[in-house]
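Quick mapping for you: the protein sequence lines, in order, are chains V and Z. Using numbering that gives the first Met the number 0, read the first sequence as starting at 0 and increasing by one per residue. Using numbering that gives the first Met the number 0, read the second sequence as starting at 0 and increasing by one per residue.
Just so you know, these hints were derived from the structure itself, not from any lab. Ideal Cβ positions, reconstructed from N, Cα and C, are used throughout, including at glycine. Heads up, some of the hints might be wrong.
[Unchecked claim] The calculated DMTMM-like cross-link candidates involving lysine to aspartate or glutamate, where the alpha carbons are at most 20 angstroms apart (straight line), are: (1) Z/436 / Z/452; (2) Z/554 / V/37; (3) Z/554 / V/9; (4) Z/458 / Z/430; (5) Z/554 / V/12.
[Stated by the list, open to error] Some chain V residues flagged as far from chain Z (calculated, every beta-carbon gap over 10 angstroms): (6) 14; (7) 25; (8) 30; (9) 33; (10) 43; (11) 51; (12) 59; (13) 70; (14) 86.
[Said to hold, decoys possible] Examples of chain Z residues toward chain V, derived with CB under 10 angstroms: (15) 351; (16) 354; (17) 356; (18) 357; (19) 400; (20) 605.
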Amino acid sequence: MGRTVPTYREALDGLLTRWEREFGHSLADPRDREAFHEVVLAARRYIPQGTMMTSGDLVERVLLSLLVDLQRKLRAPDPGPFESEIDAFGNLR
Amino acid sequence: MPRGWLLDVTSSRAGDSVLLWLKEMQGMVHRVEVPYAPPFYVTGEPDRLHALGEALDGRRDVASVAETAIQSSPFEAPDVRHAALAVTPQSHGRRRSLATEIDALGACVTFRLFDVDLTASQLYYLEHDLYPCAPVSWSGQHVVALEPPETWDYVLPPFRTSELAVEVVGQRPGRPPRSTDPIARVRIGTASVEGVDETATLAAVVEELRAQAPDVLWTRGGDTFDVPHLYHRALVAGFTEEEFVLGREPMPFGLDRAGSTFVSYGRIYHRSPSFALAGRFHIDLDERFVEDVTMVGFLDVARFSRLGLQTVARQSPGTAFSAMEVATARAQGVHIPWKKNLPECPKSAALLIAADRGGFTLTPPVGLFEGVDEFDFVSLYPSIMVHHNLSLETLECPCCPDSPHVAPGLGYRSCTIRDGLVPRTLRPILERRLYFKRRKRETTGAERTRYEDLAKAWKWVLVTSFGYQGYRNAKFGRIECHEAINAYAREILADLATTAQREGWTVLHGIVDSVWLKPPADADPEAFARRISAQGHLPLGYEGRYRWIVFLPDKAYGLGVAQRYYGLYEDGEFKVRGIELRRGDTCGMVRGVQERVLKVLSQVRSAAEFQRAIPEALALGHAAAAELAQGGWSREELVLTHGLSHRLEEYRTFSPGVAALRQLKEHGITREPGEEVGFLLADRRSQDWRRRAVAAELMTGSESYDAAAYIELLARSFETLFSPFGYTLERVARTWGHDVQSTTPPRAFDRHSLERPGQRRLTVP
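Isolated chain V (complex conformation) (with noise of 0.2 angstroms):
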């Protein structure tokens, strides 16, 4: 478990940091900038699922994880079973 190989979790750390000292870091507008973070949230979100495949591809299943986010994004916002009795402005949904 990650003795030999890293995790899929440090190495998408390891993605993630380039990614916005190179790219993120230079975004000056704030849309652009917060546009940036919801992907490296979606990227983080599917962490578990990225795990699962065996790929050496580490973009494979960063954009496998961000084209889902997005397709979920796309549909109809049902909040669904998912979604927290009470939301996080402490109001019961």
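Could you slot chain Z onto chain V? The hints should help.
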């Protein structure tokens, strides 16, 4: 024939015999000396062995050398024997040094050595079908166990126990004892032993121990202070090792085992030097490797592993499991290799990427969920090892090319003909734990506690049985087994999630062997667990339904994390993971307030009630913050604990823990990596090591503390619990009328923050 218990087997001082400590039913303890000098074995080319035999013959440290043949590998058929030399050292103590010499003679290649690191007592137990604390009958030197170690229910030996604690002259809060401090008095059980001077006190200690004759001597910190200090002061007072005896037999005043620092799963541990006694068990409660295991559990593990009680209580459960594997191998006639010679198989990069992965986890959604069911596989990893016959010698065997047991995604096959050494060791343990768990459910009171303790002890052994497959020094470990177990486990959990979804459950969370599911209407969770167990041949247990459960986010990204949640089962019991009160570095004040908050939440039955309970919980924090601000909180409750990853001089950043270490150094106390340092935060912004913190050992109870820092820590614990509902650190503190000025994250107390490279080097004044 007298009947009673074989308490222990220890090596004699001369090292050519063992001492059997036999306790009669009536309570009298007998010391029976039996000549016993077990050989170790050397294999190699016959002519080289012959030459070695001639070279060893006649040496003063070698009692005998004989040519023989041994079964040296579990990989080979039982009738395959290899030419070997049986080398018997003159004393048990020469076993390892002689073996090292022979190994070097063969340049670590020519010879392979066996049974070297098995102790004389371990071998004695194995060769005589005995085990620690066995009920026995005996006649002279002939001792017979009256029941096998596997017996589930047995009568515990009637141990006589005493607690020992040393008090030095001038001992008071804020002044830790020094090695030069004379002994003032020693508490042994209910007796307070104190003579006219230190010499008289020490002599009286020996007398009192002889009079009380305890079988078990409990201490709190006896390995680090009480016993070595007694020995040191006895030496200063002119006592010899024969005169000053804490056990039932003289022991050298030196160490039985030196202290050590080691890393396990990324954590640094420190094990203190051990001061075991002969004929009497010295159990240091502070040195238990696993804290929640009790004497009953240690004793049961000792029976199975044939390691003495003092060893089992101090060593990791992995050591006990290795000893059980040794017992299985020896029962089969296989001798135990000293140095494992089983390198990792060559792998392609693709296979390495596929194989080198851990268990499956899902990211839980953050927030509160009502009516969630939790299911856990019972001892999943050991069960996989048994069910798929995963053992070093059964993997990729030449006899089963069409084995149905193939590790998913990796293709590793396991044997269908021979029962592996690891599964053979594990099967009785799994059955034992299941029995203890069942009896725990069926019983009440003391009996229930006993079964609970027994099940808990075996849980830790089973946990390490998997980890040891990937440990390079494990005698019977093989990394491919470790990889195969993980592969099966990932597949099992992913399959379970898919099946659950198909049947209408919502999969909220999953970690390695557990899942949290929201049931469809009219779901029967017990029936679901039974169905899954039957399909996969691995027992899935239904842990219960939560009235509500809160999955908490990580602090960096706000995404759910695997091991951070708290929830209330329908039976009113809480399950909490990853919050402050579960952490070892949390101070008593934060733990206490968080426990009170959970008590408030234990009355909550729904999301609506939870929402209404938050202000009440915050009010508890408000009252605590006000009391903290007044400076009257008990100092003991404010001690923070910091796990050390370095020695003092290696730390690069200045932290309260480092300040405390510096203060302890002033008093001649050093701490090793893996140990902890406790301190009170006095002024977190001070750059002076004398002012920033106060080491716990130096506290008098009247020093001032940094109230703002503690209020921030308290507010953080509220943020942990309620952040999914918009309660940030700032908002919590504002509710209490405080501004959080510091931007220091709680990781200021976290060992990892001290390890970041590139930070300025600390110069300790």
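Hint check results:
1. Z/436 / Z/452: holds (10 angstroms)
2. Z/554 / V/37: Distance of about 16 angstroms is within 20 angstroms: holds.
3. Z/554 / V/9: It holds: about 17 angstroms lies between the C-alpha atoms, which stays within 20 angstroms.
4. Z/458 / Z/430: Measuring from Cα to Cα gives roughly 12 angstroms; hence the hint holds.
5. Z/554 / V/12: holds (15 angstroms)
6. 14: The claim stands: residue 14 of chain V keeps its Cβ more than 10 angstroms from every Cβ of chain Z (closest is about 15 angstroms).
7. 25: Consistent with the label, residue 25 of chain V stays out of reach of chain Z, its closest Cβ about 21 angstroms off (over 10 angstroms).
8. 30: Its Cβ never comes within 10 angstroms of chain Z, the nearest being 19 angstroms, so this holds.
9. 33: holds (14 angstroms)
10. 43: Given that some Cβ of chain Z is not farther than 10 angstroms from that of residue 43 of chain V, nearest at about 6 angstroms, it is violated.
11. 51: violated (7 angstroms)
12. 59: Since the minimum Cβ distance to chain Z is about 12 angstroms, residue 59 of chain V lies beyond 10 angstroms and the statement holds.
13. 70: With a cut-off of 10 angstroms, residue 70 of chain V remains clear of chain Z, as the shortest Cβ separation is near 17 angstroms.
14. 86: Violated, because the least Cβ-Cβ distance between residue 86 of chain V and chain Z comes to about 8 angstroms, which does not exceed 10 angstroms.
15. 351: holds (6 angstroms)
16. 354: Given a least distance of 9 angstroms, the restraint on residue 354 of chain Z holds.
17. 356: Where the cut-off is 10 angstroms and the nearest Cβ of chain V is about 6 angstroms from residue 356 of chain Z, the hint holds.
18. 357: Holds - the Cβ of residue 357 of chain Z comes within 10 angstroms of chain V, reaching about 3 angstroms at its closest.
19. 400: violated (24 angstroms)
20. 605: Residue 605 of chain Z check passes; min Cβ-Cβ to chain V is 8 angstroms, inside 10 angstroms.
The structure is inconsistent with the numbered hints 10, 11, 14, 19, although it conforms to all the rest.
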